[in-house]
Amino acid sequence: MFDSLYGIEPDEGILATEYLKEEWGITKDNIILIAGDGHSFTALDYEMNLASPEIIYIDTERDDVHKICDDFDSLMGLMFTLEDDDDE
1 MFDSLYGIEP
11 DEGILATEYL
21 KEEWGITKDN
31 IILIAGDGHS
41 FTALDYEMNL
51 ASPEIIYIDT
61 ERDDVHKICD
71 DFDSLMGLMF
81 TLEDDDDE
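For the sequence shown, the positions run 1 to 88 when UniProt numbering is used.
Be a bit skeptical, because a hint or two may be false.
[As the list claims (entries may be wrong)] Label-pair restraints from in silico Cβ distances:
1. LEU50 - ASP85: 14 to 20 Å
2. ASP29 - LEU78: 23 to 29 Å
3. PHE72 - ASP29: 32 to 38 Å
4. GLY25 - ASP84: 32 to 38 Å
5. MET76 - ASP37: 19 to 25 Å
6. ASP59 - GLU9: 39 to 45 Å
7. ASP85 - LEU15: 35 to 41 Å
8. GLY38 - PRO10: 16 to 22 Å
Hints in this document: simulated from the structure, not taken from any laboratory. Here a beta-carbon is modelled for each residue, glycine too, at the ideal position from N, C-alpha and C.
Take these sequences, add in the hints, and give me the full structure.
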């Protein structure tokens with residue numbers, strides 16, 4: 001799904017959410033984009049809960065939105081480090 005999360009920098013990372021939403025035609029409100037390549041994004045969705053947003057997947061090509069996790073802690077619980085076979 002993604003290999004890194006956006007950082008916090010002026011006009012980049014999560015602070016570019018509004019620009020990216022406009023650029024890729026995302027109309028969903030109350031979200032912060034945390035990862036993506038334009039064709040799809042992972043986002044924090046604050047629509048239902050301002051204190052603990054759901055994690056959603058947005059497919060901009062299909063105009064689909066899918067819930068991934070109930071909250072950010074649940075998303076972090078799914079993360080893992082990919083082992084590099086070349087290190088063996």
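Here's how the hints hold up against the structure:
Between LEU50 and ASP85 the beta carbon distance is about 43 Å. The supplied range of 14 to 20 Å is therefore violated. ASP29 and LEU78 have their C-beta atoms about 26 Å apart, which keeps the hinted 23 to 29 Å range intact. For the pair PHE72 and ASP29, the supplied restraint of 32 to 38 Å is violated, since their beta-carbon distance comes to about 19 Å. With their beta carbons about 37 Å apart, GLY25 and ASP84 fall inside the hinted range of 32 to 38 Å.
Separation of MET76 from ASP37 is about 21 Å and conforms to the stated range, judged on CB atoms against 19 to 25 Å. For ASP59 paired with GLU9, a C-beta distance near 26 Å fails the hint of 39 to 45 Å. The supplied range of 35 to 41 Å is met by ASP85 and LEU15, whose beta-carbon atoms lie about 36 Å from each other. Checked against the hint of 16 to 22 Å, the pair GLY38 and PRO10 passes, with Cβ atoms roughly 20 Å apart.
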